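Chemist: As a plain string of letters, each chain reads:
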Amino acid sequence: MINAVGRDIPEEILKATGKEVFQGTHHFDGFEYQTASHKVKCVINSNGTKLVDSIHDVLVKCGIKDGMTLSFHHHFRNGDKVLNMVMEEVHNMGIKNITICASSLGSQNDPIVYMLDDGTITEIQSSGVRGQIGKAISEGRLQGLAIMRSHGARSRAIESGETHIDIAFIGAPTADEYGNLNANGGKADCGVLSYSAADAMYADRVVAITDTLVPFPNLPAQITQTYVDYVVKVDEIGDPTKIATGAAKPTTDQRKLLMAKYCTDFVVATPYFKEGFSYQTGVGGASIASTKFLAEIMREKNIHMSFGVGGIAKPMCDLLEEGLIKTLVDTQDFDQDAIKSVATNPNHHYITASEYADPFNKGAYVNKLDFVILAALEVDTHFNCNVVVGSDGVITGAQGGHPDTAAGAKCTIVIAPIMQGRIPTICTDCTTVTTPGEDVDVVVTDYGIAINPKRTDLIEATKDKGLPLKTIEELRDIAYSITGEPEKVQFGDRVVGIIEGRDGTIMDVVRQIKKFEFNN
Amino acid sequence: MEIKKPAVAGTMESSDCQVTVEPGEGKIDFTLDSAVAHQFGNQIKKVTLETLANLGVDNVKISIVDKGALDCTIKARIEGAVFRSVDQYKDLPWGGAIK
Chain A
647 MINAVGRDIP EEILKATGKE VFQGTHHFDG FEYQTASHKV KCVINSNGTK LVDSIHDVLV
707 KCGIKDGMTL SFHHHFRNGD KVLNMVMEEV HNMGIKNITI CASSLGSQND PIVYMLDDGT
767 ITEIQSSGVR GQIGKAISEG RLQGLAIMRS HGARSRAIES GETHIDIAFI GAPTADEYGN
827 LNANGGKADC GVLSYSAADA MYADRVVAIT DTLVPFPNLP AQITQTYVDY VVKVDEIGDP
887 TKIATGAAKP TTDQRKLLMA KYCTDFVVAT PYFKEGFSYQ TGVGGASIAS TKFLAEIMRE
947 KNIHMSFGVG GIAKPMCDLL EEGLIKTLVD TQDFDQDAIK SVATNPNHHY ITASEYADPF
1007 NKGAYVNKLD FVILAALEVD THFNCNVVVG SDGVITGAQG GHPDTAAGAK CTIVIAPIMQ
1067 GRIPTICTDC TTVTTPGEDV DVVVTDYGIA INPKRTDLIE ATKDKGLPLK TIEELRDIAY
1127 SITGEPEKVQ FGDRVVGIIE GRDGTIMDVV RQIKKFEFNN
Chain B
8 MEIKKPAVAG TMESSDCQVT VEPGEGKIDF TLDSAVAHQF GNQIKKVTLE TLANLGVDNV
68 KISIVDKGAL DCTIKARIEG AVFRSVDQYK DLPWGGAIK
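Chain order of the listed sequences is A and B.
My numbering applies: residue 647 is where the first sequence begins, and numbers increase by one.
My numbering applies: residue 8 is where the second sequence begins, and numbers increase by one.
Chain B with its partners taken away, still in its complex shape (with noise of 0.2 Å):
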């Protein structure tokens, strides 16, 4: 997928994180910031990797300020922001790129 414009998701809530998608310039640009950072950065990192390669995005800036949100959100966040980015709000690929 291409990102085609900037979206967000996700709230600052505890236990929640914002995910910030732009176009990128060739590659992945990922920065976070994380209340966890010291305990789960290194996951969070990976977690992200992970569903940006599911999602087929590998063009991106991808800034995330987390809260202390388990992987499931994280992931669930990332997924929103990209599909909002490129405007498919139905016929999500559910079981396929969201998994």
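Only chain A is shown next, with the shape it has when bound in the complex (with noise of 0.2 Å):
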């Protein structure tokens, strides 16, 4: 069946996952719905502790099973620990089919590669997959299907029961025997638990994973003792030089700092661009120099942003710092300053996933973004954004919050060089659709601007004012004059997982990678 932005959904995948369809962002607007519960095994005995000794003992009490749910958060990025750890505890125990539920996977999970092969993950839902395990499922090594969801998806698939946690692995930067945890103030800070938040709340058993124990009550806890059943220590959850790597260095790229130019002149150009709008922007190197742009800006006509969100890094923090910024509200943290700002600076707050942005909550965060700067793998003539699939039709990056923060901004923009080496960053259609072009406001590129053409307020406001507009057929035009016209990715048959939207329909699938063959 296809869906709204023209991709054809196999009956059979629908059929597999009981899924509909994506039918457009908004059409589940007001929709009703019952909540999930969890098991809860109470705690009245008042001479206990939640203390376990090993990985072992701990799965062992929660009665892992084959078959079960697991979760974890992906708040240590490329120092994380934890995952692998209990993995192979799973994996030594022989358990097999386990559905890893994780906010993200990524390379530093490479090690447990295996596990596809041998059975024991037969199931995994991730904000993406880079690394090896990216790699596997795209090879078709995965038993069962990918599920690839935003981080608002993620959320809403946990609270809706759509995914139901049998056991969630909590690393935790510090803890108290009786389960009040804690990002900061430990060995391996990563700043804000904000993915493990759903977890805590919704899985039946709840295992939190330290290396610094402090003593009882742990205070202020960003989760707390009544959702945690047991607490493990062990000697390393994560390895703080790998945990902060993801923002970049200030960038000389001119090519960059040219994007970064005109995303800044354009946001300017904008109504929105006014005392107390609200901005969240990525850590890529012209993501931040447009970032520094806009501060000159905001210092030189005395502007101020409300609030900023998202995953924080240094350049936000500074901003805050100086009084640019009132309050930044915060789910990852991308280097060690954001880490200790929102530590030590009370207008730095901590927020769940779900407050930032599950579409299937009272009103998350994105929803009040004036502006969101985004990248993409690939952006169409049709405004669709992929930012999951990598060019030659490999798994290789995730959704993170691209499509929550682009259906809540008023003027989303994506900045994106109009061709990476020999591939062209806007083509005709992109290989997998994860954004979907409605949600798409502005692509930013070395050559030019291109305003979606249903926006004919941002067309007017944005007129006459010497930036470098262009329709995105003409930056197709000019980039495939330059690489020439690329040819479709040859996929196999075999679906290999599926790009969720954010309200939890199919926005495309992802098939099995074969072998390139020339046509003669």
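Honestly, the hints are just simulated from the structure, not real lab data.
None of the values given here were measured: they were computed from a predicted structure.
Among the hints, a few may not be true.
Not the full set, but computed from the structure, chain A residues with beta-carbon under 7 Å of chain B [said to hold, decoys possible]:
| id | residue |
| --- | --- |
| 1 | Tyr824 |
| 2 | Arg1068 |
| 3 | Gly1130 |
| 4 | Gln1136 |
| 5 | Asn1165 |
Below 20 Å or equal to it, Euclidean Cα-Cα: the simulated EDC-like pairs (lysine to aspartate or glutamate) are [said to hold, decoys possible]:
| id | chain 1 | residue 1 | chain 2 | residue 2 |
| --- | --- | --- | --- | --- |
| 6 | A | Lys1160 | A | Asp1038 |
| 7 | A | Lys1160 | B | Asp40 |
| 8 | B | Lys74 | A | Asp699 |
| 9 | B | Lys74 | A | Asp1038 |
| 10 | A | Lys1161 | B | Glu32 |
Glycine is no exception: its CB is placed at the ideal position from the N, C-alpha and C atoms.
The task is to assemble the complex, starting from two chains supplied on their own in separate frames and drawing on the hints.
Modeler: Structure below.
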């Protein structure tokens, strides 16, 4: 069945998943539903402790068995040790058919890729998958389906009961013996535990794994004792040198600086740029440069940002310190400065992933955004974006909050160079659609800016301001004139993964890769 | 032109390609390892065969390791490798076989 972004979703996938096709970003606005519930094993005895000696013992206490769903967070990013540590024990116990529900997976999880081949892990739900596991899924080595869903969609899936977590594992930089967890003050701080909030509230069993036990009560706690069944102390939950590697250094790349300038000029030309505007940006070189350019104009015009959202890095923290930003709300930290800021600056707040981006609660922060500055692997002439599947057809990226913020923000800007190597970023049709074009308003490239034709208000507001405006087709034609017109990736037939829309519908499917064959 | 000895041109840097030519076995034997094979594999083959035809080469083993080079780069690397294989470093046929 063809969905609202023109993708043909195979009937057997709709049948196997019980899902509907994507019918538009606002299709479920006002939808009423009953949230899920979870099992609680009460603790009334007042002389107990929740400390358990080992991962093995806690798995036994939680009743680990074949077919369970285990959840993890990725706040330790490339430095995470918790997921592999738990899964290695699960594997040693001979458990099979596990579904991993992770907020994201990356190359730090390469060591457990063999568990796809031996059937320990048979389903994966994640924001996306970088590294060897992504490649393995694309090669068809996962027995079941991989579901790639945004941060908001993950909260929705858990809260609605679509995904029921049997055991949630929460790597906690600090914990007390009764399960009050915080993300600062330990050996491997990660700033916030936003992605684990829904896991703690909706999983049947919740296990905290820490390397820093602190005296009771560990306050303020981001996840509290009423949700946590067991606490396990291990030697190391993360490698601090690899946790905060996400943010780019200030760039000197002229192409990125040019795009940053175009982006800032566009932002300033819109009616949303005024006292009290709100803003989210990424941590790529062009995004960070555009934040710096924007700050200069904010100083000059005495304009302040009411709040900044998202994954946070140093440039946004600097503006908070300077007073140009009033409030930061934070679901993830990309560098040590952000981790320190959320721990110490009273205007820098922890929020949950649900508060950030969930379309199925009573209103997420993304709905209050004026601007979001995003990146993409591909943007097509329908303004659809792809942030998950590489141009070689291999799963290589993650949705993160891309579709959530794009849907919520009044002005969604995607910054993308017109080509990356020989791959035209601006193309006729994306390899895979992850964010629908209806939510993407502006595309900024090094060869000019294209505004989504449906945003006649933005077209009107930004004309005659000296901006290098072009149509999206013109940008594509420039790209193709340099690279040549690309052929479509040759996929196999088997569907290995689905790209889930924020509302749980199917945006697109990802098929198994196959070896390239010449026409003749 | 007849390929006299193995020769290489180009690098493995992004947006370049490395072309290796060797004496053939009576035909053009083409192998490609490209980061963008799915999108541009057929185009790269076409450019390769056209460039070899312009040079008058029809008996060669040519292998290209491509890191996303544009057509103009691929053509230049093939020409470079072929002329190196015959030790011709001056009086190159600019505007002739090289166009």
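Chemist: Holds or violated: are the alpha carbons of lysine 74 of chain B and aspartate 1038 of chain A at most 20 Å from each other?
Modeler: Judged against 20 Å, a Cα distance of about 12 Å means the pair holds.
Chemist: For the pair supplied as a hint, lysine 1160 of chain A and aspartate 1038 of chain A, confirm whether the alpha-carbon distance does not exceed 20 Å.
Modeler: holds, 10 Å
Chemist: Need the status of pair lysine 74 of chain B, aspartate 699 of chain A: alpha-carbon distance at most 20 Å?
Modeler: violated, 51 Å
Chemist: So, as I understand it, the hint says glutamine 1136 of chain A touches chain B; can you test that by seeing if any CB pair is closer than 7 Å?
Modeler: With a closest approach of 6 Å, the glutamine 1136 of chain A hint holds.
Chemist: Can we keep the arginine 1068 of chain A interface hint, with Cβ of chain B closer than 7 Å?
Modeler: At 4 Å from the nearest chain B Cβ, arginine 1068 of chain A passes the 7 Å test, so the hint holds.
Chemist: Using the nearest Cβ pair, does glycine 1130 of chain A come within less than 7 Å of chain B?
Modeler: Constraint on glycine 1130 of chain A satisfied, holds at 5 Å.
Chemist: Compare the distance between the alpha carbons of lysine 1161 of chain A and glutamate 32 of chain B with 20 Å, and conclude whether the hinted pair is satisfied.
Modeler: Status violated; Cα separation ~27 Å.
Chemist: Tyrosine 824 of chain A was flagged as interface toward chain B. Is the shortest Cβ-Cβ separation under 7 Å?
Modeler: Tyrosine 824 of chain A check fails; min Cβ-Cβ to chain B is 53 Å, beyond 7 Å.
Chemist: Identify whether the interface hint at asparagine 1165 of chain A stands, where standing means a beta carbon of chain B within less than 7 Å of its own.
Modeler: holds, 5 Å
Chemist: Would you mind confirming whether the straight-line C-alpha gap from lysine 1160 of chain A to aspartate 40 of chain B stays at or under 20 Å?
Modeler: Holds, at about 14 Å.
In this structure, the earlier hints numbered 1, 8 and 10 are contradicted, and the remaining ones agree with it.
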